[in-house]
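Asks: Build out the structure end to end from the sequences listed, making use of the hints.
Residue numbers (this note's numbering), protein chains in the order written: chain R, 1 to 297; chain Y, 1 to 308; chain G, 1 to 416.
Incorrect hints may appear among the rest.
[Claimed, not checked] Mimicking DSBU-like on lysine-lysine, the simulated pairs with C-alpha atoms at most 35 Å apart in a straight line are:
{"#": "1", "chain 1": "G", "residue 1": "K193", "chain 2": "G", "residue 2": "K251"}
{"#": "2", "chain 1": "G", "residue 1": "K344", "chain 2": "G", "residue 2": "K328"}
{"#": "3", "chain 1": "G", "residue 1": "K172", "chain 2": "G", "residue 2": "K328"}
{"#": "4", "chain 1": "G", "residue 1": "K379", "chain 2": "G", "residue 2": "K251"}
{"#": "5", "chain 1": "G", "residue 1": "K328", "chain 2": "G", "residue 2": "K145"}
{"#": "6", "chain 1": "G", "residue 1": "K105", "chain 2": "G", "residue 2": "K344"}
{"#": "7", "chain 1": "G", "residue 1": "K96", "chain 2": "G", "residue 2": "K172"}
{"#": "8", "chain 1": "G", "residue 1": "K105", "chain 2": "R", "residue 2": "K143"}
{"#": "9", "chain 1": "G", "residue 1": "K325", "chain 2": "R", "residue 2": "K143"}
{"#": "10", "chain 1": "G", "residue 1": "K379", "chain 2": "G", "residue 2": "K172"}
{"#": "11", "chain 1": "G", "residue 1": "K214", "chain 2": "G", "residue 2": "K251"}
{"#": "12", "chain 1": "G", "residue 1": "K172", "chain 2": "G", "residue 2": "K145"}
{"#": "13", "chain 1": "G", "residue 1": "K96", "chain 2": "R", "residue 2": "K143"}
{"#": "14", "chain 1": "G", "residue 1": "K100", "chain 2": "R", "residue 2": "K143"}
{"#": "15", "chain 1": "G", "residue 1": "K193", "chain 2": "G", "residue 2": "K233"}
{"#": "16", "chain 1": "G", "residue 1": "K145", "chain 2": "R", "residue 2": "K143"}
{"#": "17", "chain 1": "G", "residue 1": "K344", "chain 2": "G", "residue 2": "K325"}
{"#": "18", "chain 1": "G", "residue 1": "K95", "chain 2": "R", "residue 2": "K143"}
{"#": "19", "chain 1": "G", "residue 1": "K362", "chain 2": "G", "residue 2": "K233"}
{"#": "20", "chain 1": "G", "residue 1": "K145", "chain 2": "G", "residue 2": "K105"}
{"#": "21", "chain 1": "R", "residue 1": "K143", "chain 2": "G", "residue 2": "K328"}
[As the list claims (entries may be wrong)] Okay, the calculated bits of chain G under chain Y, using three or more residues with CB under 8 Å as the criterion:
{"#": "22", "region": "113 to 121"}
{"#": "23", "region": "262 to 276"}
{"#": "24", "region": "393 to 404"}
[Unchecked claim] Incomplete in silico selection of chain R near chain G, CB under 8 Å:
{"#": "25", "residue": "I136"}
{"#": "26", "residue": "T140"}
{"#": "27", "residue": "K143"}
{"#": "28", "residue": "L144"}
{"#": "29", "residue": "S226"}
{"#": "30", "residue": "N229"}
Worth flagging that the hints you see were computed from the coordinates, not collected in a lab.
Just so you know, these numbers come straight off a predicted model, no measurement behind them.
Every residue, glycine too, gets a C-beta built ideally from N, C-alpha and C.
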Amino acid sequence: MTRLRGRWSNPWGKPRFLVLFTALYLVWSIVPILVAIRFSFNEGRSRSTAQGWSLRWYSGDPDLSVLHDPGLSTALLQSLRLAAIAVLVTVPLGVALAIGLTRWRGRGAGTSRAVSLATLVTPEIVMGTALLLVFIHVLTFIKLGTVAQAIGHITFSLVFVLVIVRGRLLAIGPEYEEAARDLGASALQAVRLALLPMLVPAIVASGIVVFAISMDDFVITQFLSSGTNTDTVPVRIYSQGRTAPTPALNALAALTLGITIAIAALAFVLWRAVRAARGQTGSALHEFATLDADTIR
Amino acid sequence: MSEPERADVGGGSDNAFWAGFALPGVAWLCLFFLLPFYVILCIALGTVDPIFQTPAPEWNPLRWNTSAFEFVLESLFTSGAAFQTVFVRTFVYVTIATALSLVIAYPVAYYVARYGGRWKGVLLVGLIAPFFISYLMRMLAWINLLQDDGWVNDVLIWAGILNAPRNWLDGRASSVILGLVYGYVPFMILPLYAFLDRIDRSLLEAARDLGASPFQAFRRVTLPLSMPAILAGIVIIALPMFGDYYTPDLLSGSPQTSMIGNQINLYIRGGQQIPVGAALVVVLMLFLTVLMGYYLVSTARAQRRLGR
Amino acid sequence: MATFHPRESRYPRREFLQRGAAGAFAFSSMGTLLAACGGGDNGEFRPPELQLARPDNPVTHPLFDDNPMIASGLDPEGGTLRIYNWNGYLWPRIKKDFAKEYGVKVEETFFSTVDEAIAKISSGAVDFDVFFPTVDRVSRLVVGKTLQPLNRDYLSSLGNVWPSLQDPWYDKGSQYTVPYVTWTTGIGYRTDKVSTTPESLANPYEIYWDQANKGRLFLLDDSRDAIGHMLLKNGISDINTENPDEIELAKGELKSLIGAVNVKLSTDDYTNLPEGKAWVHQMWSGSAVSAQYYLPEGVGADALGFWFPPDGGGTIGSDLMAVPKSAKNPVLAHHFLNYLLDEKHGYDNFVNYVGYQPPFTKLDPDRLVADGVVPANLKTAVVRQSDFDTGYVQTELTPSGQTLWQNAWAEFKAGV
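Replies: What follows is the structure, given as structure tokens:
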């Protein structure tokens with residue numbers, strides 16, 4: 001048995017090929033970003049030649065830096081605004097949806113499940129077009145702009161909360177609620193007191209995912225925008241990226257990335273603290289990677 | 001692998017209670033997801049205001065005007081016509097990009113899941129990082145490297161592969177396909193990783209006990225087991241890829257690489273023939289629904305073969 | 001004074017849409033007046049008509065009772081002036097100075113296509129005080145009551161404009177619009193990169209097919225301009241043609257460019273050419289003027305060239321300013337229009353930022369070259385008053401004509 005185990009850990013000899021392959025992939029995936037961040041600190045105007053280091057494009061340049069160019073700073077603020085709204089609305093809505101869809105039986109349940117998952121595979125241009133036409137021709141009281149964009153973001157990211165929370169629900173199983181019911185709790189109390197606390201890691205993870213998706217969204221935001229004051233960072237990058245952009249664009253993207261990571265890290269740290277206080281264990285990162293075949297069905 | 005849902009969970013007298021939980025979410029999706037589809041249909045089958053050429057949706061099915069659909073379908077099924085060319089081209093790009101993504105994603109996911117060991121946390125961060133970086137920012141960074149004076153040309157010239165800088169952004173299909181791969185491959189890695197991470201090792205050990213070589217164990221146990229995850233990964237990236245229009249826009253200004261998303265964009269935002277754009281969207285969604293149906297059938301079949 | 005157009009329907013627009021939906025595509029033969037027949041359940045009413053203005057068919061737009069102009073002598077409102085414009089088409093300093101002078105805030109929103117802008121304004125989804133339409137959309141904007149008639153009492157600076165544009169054929173009496181800038185569409189090129197210049201060719205448009213520029217040829221990503229040049233190349237001077245054969249021909253020419261020189265499309269002509277991405281670029285005159293500011297170090301403005309038919313027989317256009325009916329600050333909007341029509345402000349806007357010139361009488365090519373605004377080798381990029389009389393203006397098409405153009409364009413863009 002020990003000999004088998006020994007061979008098991010090295011069935012291909014050393015997995016040199018896989019190591020190399022993975023390393024190459026990570027380099028290919030991440031290095032361009034690092035390069036872009038490097039050039040955001042460029043002293044000169046170039047985005048491809050190293051020209052010293054400075055904070056010029058972040059705050060120094062009086063006209064073109066992120067701080068002083070109203071187009072760029074409003075884009076950042078709008079991104080944050082939409083992401084905040086998206087998280088605040090989508091997470092509760094999605095958690096309730098996940099709980100309901102996992103436990104609900106019957107014909108309605110199956111259809112609802114299918115509909116909920118359908119947004120995952122709908123191209124954004126389809127959803128963007130659909131919502132644009134709806135807001136212009138049907139629900140005309142909703143003007144294009146922040147509200148319309150927020151609605152689009154919520155609709156689009158709901159499914160991610162659903163899948164992450166549902167994955168955890170399926171893994172948890174019903175024992176805890178049953179125990180609570182046995183001890184006299186009503187169904188609602190059982191959910192609130194026994195189930196929800198166990199879902200907290202999934203809820204936090206889904207919140208972070210919604211935040212990231214919302215910050216990243218391009219098509220829906222562009223379609224439902226009412227003008228430059230409702231442009232977000234990705235829309236700005238797209239519209240300015242093809243002309244002669246300055247490194248301020250890199251700076252904007254780097255700032256966005258920094259903020260997203262900071263918020264994710266903050267949520268993660270808080271959650272770890274809560275878990276430690278409750279004496280729970282387990283790996284955090286695995287919450288993210290729960291998107292698999294079973295939960296999609 | 002996640003446990004199958006147990007029959008004694010949910011349902012029964014509490015069914016209405018659970019349905020109530022799902023209600024707000026379902027209502028939201030009906031209003032902002034299903035209703036818009038009906039609106040698109042009614043616009044595709046509607047008419048156009050003669051003054052502003054803005055679309056006038058026709059809500060009454062009895063008065064639907066099929067001229068937009070006729071136009072789209074005619075161009076779709078006539079050999080050499082615009083929509084057929086673009087559609088076929090999009091299909092080819094998506095197929096190649098998805099296949100390439102799978103070829104890249106599977107080994108990476110496999111490595112991290114099986115051999116991650118101490119580094120697993122760090123590697124996972126590396127895999128998840130692209131989610132936090134805006135697609136456009138990554139594309140912009142990538143384009144920057146592909147410029148005439150960018151690093152890609154510099155490295156290739158230094159390595160002796162190229163003699164002079166090559167223009168990668170002048171309308172090549174390869175640039176667009178690789179751009180699609182670059183953008184979408186992270187979305188395939190995570191589901192594959194999640195699945196491979198949970199494979200029951202004892203199954204593989206049993207195969208080895210029965211005399212299988214490592215490669216045979218992989219081919220006859222791991223790979224078939226991963227089929228549902230592979231199919232899910234394909235669906236997750238291929239279907240949205242069909243609607244992509246900004247990747248060809250950014251990486252190539254040429255009409256030769258335009259995808260169906262570009263045509264939809266042209267008609268929806270081009271002012272005059274929004275019903276045609278709406279009809280294109282409907283046709284695209286029908287096509288994707290067929291693909292989705294194929295996926296569901298294949299998954300069911302794969303599950304049955306695995307005895308679940 | 002509101003006058004009633006003799007054939008105007010008495011029904012408000014919304015009712016018309018509900019009734020006339022079915023037969024919307026039936027039109028009478030091409031002519032100067034377009035009658036949209038409502039084929040609905042009762043055909044007794046006549047909807048408003050689109051008038052297609054042409055240089056030889058000037059149009060006086062109707063004034064409507066329910067769309068009055070503002071009264072004279074009112075004070076400008078406070079608050080925020082909201083402008084709806086193309087991107088990069090208005091100098092930020094102008095907005096700041098205007099805001100300071102009037103004690104208001106100025107906000108600008110951009111649109112990328114005029115149809116998108118019109119769809120959003122006419123649907124009421126957005127409301128702005130100042131709008132910048134194009135000549136080829138005026139008629140439908142007027143008929144759809146999207147613009148309000150202008151009160152000339154507030155627009156004293158209109159006198160700075162070329163006389164022919166103070167009373168233009170597309171809006172006699174400048175009732176709804178005033179001119180903003182004029183431009184021509186010519187061919188820009190890098191003198192230091194091309195082996196043949198357009199001037200040296202018998203048919204200058206042939207430069208597009210020059211193999212030496214393969215991979216470096218850009219056309220404007222604009223259906224009217226790109227197709228327009230293909231028509232002109234073949235000697236068809238009616239760039240508003242609705243003749244399917246001519247449009248087919250233009251489409252074929254466009255497609256041939258794909259195979260011949262790997263043509264690309266862009267509207268960033270003002271950076272593509274100076275950056276060297278493009279060696280030959282179909283170009284707007286204003287871009288030619290502002291391109292000099294995007295040249296990399298070491299490359300002088302003499303590296304840029306711009307060709308426009310010397311006899312003035314090329315594409316020419318004009319962008320306008322107007323006040324939407326739904327404007328919340330119409331008086332302030334009028335003051336803004338007047339501000340831009342002022343000689344100094346219009347000139348500053350042009351030379352410092354936009355690069356597109358206002359059609360002012362006092363501006364002529366020689367003065368601009370003398371001022372150092374326009375390099376001598378780009379003198380052709382300055383629009384002369386005579387050009388507007390000899391040039392071919394992009395004007396309004398009938399809906400079926402637009403469909404023909406759009407389908408041809410979509411087919412080209414599909415890369416078939």
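Asks: All the hints need checking, so say for each whether the structure fits it.
Replies: Results for each hint:
{"no.": "1", "hint": "G/K193 with G/K251", "result": "holds, 28 Å"}
{"no.": "2", "hint": "G/K344 with G/K328", "result": "holds, 27 Å"}
{"no.": "3", "hint": "G/K172 with G/K328", "result": "holds, 26 Å"}
{"no.": "4", "hint": "G/K379 with G/K251", "result": "holds, 31 Å"}
{"no.": "5", "hint": "G/K328 with G/K145", "result": "holds, 15 Å"}
{"no.": "6", "hint": "G/K105 with G/K344", "result": "holds, 21 Å"}
{"no.": "7", "hint": "G/K96 with G/K172", "result": "holds, 33 Å"}
{"no.": "8", "hint": "G/K105 with R/K143", "result": "holds, 22 Å"}
{"no.": "9", "hint": "G/K325 with R/K143", "result": "holds, 18 Å"}
{"no.": "10", "hint": "G/K379 with G/K172", "result": "holds, 31 Å"}
{"no.": "11", "hint": "G/K214 with G/K251", "result": "holds, 20 Å"}
{"no.": "12", "hint": "G/K172 with G/K145", "result": "holds, 17 Å"}
{"no.": "13", "hint": "G/K96 with R/K143", "result": "holds, 28 Å"}
{"no.": "14", "hint": "G/K100 with R/K143", "result": "holds, 30 Å"}
{"no.": "15", "hint": "G/K193 with G/K233", "result": "holds, 23 Å"}
{"no.": "16", "hint": "G/K145 with R/K143", "result": "holds, 20 Å"}
{"no.": "17", "hint": "G/K344 with G/K325", "result": "holds, 28 Å"}
{"no.": "18", "hint": "G/K95 with R/K143", "result": "holds, 25 Å"}
{"no.": "19", "hint": "G/K362 with G/K233", "result": "holds, 33 Å"}
{"no.": "20", "hint": "G/K145 with G/K105", "result": "holds, 27 Å"}
{"no.": "21", "hint": "R/K143 with G/K328", "result": "holds, 16 Å"}
{"no.": "22", "hint": "113 to 121", "result": "holds (count 6)"}
{"no.": "23", "hint": "262 to 276", "result": "holds (count 5)"}
{"no.": "24", "hint": "393 to 404", "result": "holds (count 3)"}
{"no.": "25", "hint": "I136", "result": "holds, 5 Å"}
{"no.": "26", "hint": "T140", "result": "holds, 7 Å"}
{"no.": "27", "hint": "K143", "result": "holds, 5 Å"}
{"no.": "28", "hint": "L144", "result": "holds, 5 Å"}
{"no.": "29", "hint": "S226", "result": "holds, 5 Å"}
{"no.": "30", "hint": "N229", "result": "holds, 6 Å"}
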